[in-house]
Amino acid sequence: MERIREKLRILADAAKYDVSCASSGSNRKNTNGGIGDTGSGICHSYTEDGRCVSLLKILLTNFCIYDCAFCISRKSNDVKRAAFTVKEVVDLTMNFYRRNFIEGLFLSSGIFKHADYTMERMLAIVKKLRLEENYNGYIHLKTIPGASQELVREAGLYADRMSINLEMPTEAGLKAVAPEKSHTEVRRQLATVNHQLIRFNDERSMIRSVPKFVPAGQSTQMVVGATPETDLQVLQTAAEFYTAYALKRVYYSGYIPVNTDERMPLLNSQPPLLRENRLYQADWLMRFYGFAAGEIVNAAQPHLEMEIDPKLSWALRHPQFFPVDLNRADFKTIIRVPGIGRQSAQKIIATRQFGNIYVYQLQKMGVAYNRAQYFITCTDALNRYTDKDPQQLRALILKTVQSKYASLLAPQLALF
Amino acid sequence: MPHLITHHSVVQYLFDGSFSGLLTAVFESYAARHCHVALFEQDKARNNFFDPVVIITTTPEKALRVWKGLKKKLTTALQVEYYSAFLAEDAAVMQQLFNYARFVFDHAAGAAANYGHPAVMAVQQMAQKVSRERHRMKAFVRFQKTACGLYIAAIEPDYNVLPLVRKHFKDRYADQRWLIYDRKRKYGIYYDLHAIHEVLIEAAAAGTVVHAAEMMLDASEALYSTLWKDYFKSTNIQERKNTRLHIRHVPRRYWRHLTEKQLG
Ligand code: SF4
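If you read the protein sequences in the order shown, they are chains A and B. Residue 1 is where the first sequence starts when you use UniProt numbering, and the numbers rise one by one after that. Residue 1 is where the second sequence starts when you use UniProt numbering, and the numbers rise one by one after that.
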């Protein structure tokens, strides 16, 4: 018992810096009378730092032949090393899953001996889960850079999601801290899987029995705050990868110093949590609110504002867009109003069929009226935007809506 | 002087608190042409002495007719919302559910999308709260394996959400026997590899039954609950510690049934 406890401690500890925890977006059904299904993306618990615990996130091993400056498992670090056997990973996954602790497995690994040797073992694990245990729960497989295309393609038959991390937002940034890695290799693997995905989808439209292939798609992760890229560079890279490889998600991970290395931020410096959060907000605007990266930040203002969220920031820079008339505007326009989300916008449009919109209704529809009031007109709310200049308005909004999220996300700031 | 029940006066309905009872009440209000009804649950009634009282006898046929009528007017999603709001077991919401049904019947199809109407709004808001609780229970159920291979879990949800999660657990854990027990409402659902059964455990016995089962846990149980607690600790990032956020996601009232929140 002590041995497996120690392995789990080491290999969960080394895996936790990968922020992706998504377990939704797949649609594996329990049709073989086995165990498990996917699709709901449940967070079964939350860590004490407030992150979702959905998957058993572990490394197969933290032995590694590479020496990436940002990584706790790098070759030159003097840390305890361990490796799971195939059976140990399968038993842990099944027993956690059966107790409703998790939605599934997130497996990644250091590179043990060489890429294919490691990838083969990961493949053995997912095959055993699917074929011997009749397991239909979620599997996220982080593929190994340099692994052969055959192994990556075969793994795709069993995984729900695959990912490979960009690590740093630009090739230059990556080269500086991880000379053995490259964006080119990341692109190669994302493309391999994406081609296969498209092929399988085409075939499935003709032949129903074509097996599933990475049904939850691919994702990647960038570390921010370790290298000097601007938010504009980060978001441009994200936007490019979303389109080029049909990625489902790009994750942003505020760098937490784990090593002493002159190329990296000092140990004990604060992780840039607020910046990370602003990047997620911007990413959200790109994926669901029709914003282009260049609208959110641009060459003149290459960084996201920390003080206010990116939508509000955009609104204050575009007074000509406002006020939006909620009795008339279309969906795409309404969702650009700060304080109005997609759900509220849908309700506004549904309710409009029965008569004009009044302020008391907005509040009940989930609109953050405090914020929205400056940007809209409706039946009993007149335009309050144009009588103030953006600077005044900014100060006013900052005073009334002291960002509750800022204090939630960065408790260390709340001390001041 | 006997009460003269007119179109406009308020009539008090006493019903049994069941879903069928609620729907029967809607049926009777149309039959008797009562437009202004104050709905009360029998034992919890705080009705007044002035307005006339009608006792509603739950009648499945009448309830079914009303439900079929509602189904014609409501999308599947809205039907689920309606039932979910009912499961909140909240007196004020019962009244709104009654008003909602009447509002929907009295207007053309699509009226339920009118979020400006107080009953539509109230039902929708409560359904959202119940749905949140339903999600939490999907997440927070923690099974323990007993020596005889049964997986057991106890829950104490704010609302009566077991009816809303049974399909989820049945689909997911199709190849293991399990029991989820609501300690607050003193009933559970049990899956025997074929179907789900509702089980009642007498109030007095409830404590001992669960306790007795705990005494006979499977030999592997200690290992996996320890490993899970270890995992929960290891996966935390100390530099990001944020207790406020943690508690917002996992409110303290759920902790007592969460394996990872137990000491040791
Ligand atoms: S290859 Fe992966 S595990 Fe190895 S040092 Fe680089 S980031 Fe760490």
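By construction, these hints were calculated from the structure, which means they are not laboratory data. Ideal placement from N, C-alpha and C gives every residue a C-beta, glycine not left out. Some hints here could point you the wrong way.
Stated by the list, open to error - Mimicking DSS-like on lysine-lysine, the simulated pairs with C-alpha atoms at most 30 Å apart in a straight line are:
#1 K113(A) with K29(A)
#2 K127(A) with K129(B)
#3 K241(B) with K75(A)
#4 K364(A) with K71(B)
#5 K29(A) with K241(B)
#6 K248(A) with K73(B)
#7 K170(B) with K212(A)
#8 K212(A) with K75(A)
#9 K248(A) with K399(A)
What the hints assert, rightly or not - With the Cβ distance kept under 7 Å, some of the chain A side facing chain B (calculated, not the full set):
#10 E2
#11 R5
#12 E6
#13 D13
#14 T47
#15 R99
#16 I256
#17 V258
#18 S269
#19 M286
#20 A350
#21 P390
#22 Q392
#23 L393
#24 A395
Hint check, R99(A) versus chain B [nearest Cβ-Cβ separation less than 7 Å]:
holds (5 Å)
Between K170(B) and K212(A), does the CA-CA distance stay at or below 30 Å?
Within the cut-off at roughly 23 Å; holds.
Does the structure keep K364(A) and K71(B) at a Cα separation of 30 Å or less?
holds (26 Å)
Hint validity - A395(A) Cβ closer than 7 Å to any chain B Cβ
violated (27 Å)
Just to be careful: measuring from the Cβ of R5(A) to every Cβ in chain B, is the smallest value less than 7 Å?
holds (6 Å)
A closest beta-carbon separation below 7 Å is what the hint needs, so does Q392(A) meet it against chain B?
violated (32 Å)
P390(A) as an interface hint toward chain B, with CB separation required under 7 Å
violated (32 Å)
So, as I understand it, the hint says M286(A) touches chain B; can you test that by seeing if any CB pair is closer than 7 Å?
violated (24 Å)
Would you settle whether the hint for I256(A) is holds or violated, based on the nearest Cβ-Cβ distance to chain B being less than 7 Å?
Given a least distance of 5 Å, the restraint on I256(A) holds.
Hint check: K127(A) vs K129(B), CA-CA at most 30 Å. Holds or violated?
Roughly 40 Å between the alpha carbons, so the hint for K127(A) and K129(B) is violated.
Restraint outcome when L393(A) is required to lie within 7 Å of chain B by C-beta distance
violated (29 Å)
Would you settle whether the hint for D13(A) is holds or violated, based on the nearest Cβ-Cβ distance to chain B being less than 7 Å?
Since the shortest Cβ distance to chain B is 5 Å, the answer is holds.
Checked against the numbered hints listed earlier, the structure breaks hints 1, 2, 5, 6, 8, 9, 10, 12, 17, 18, 19, 21, 22, 23, 24; every other hint is satisfied.
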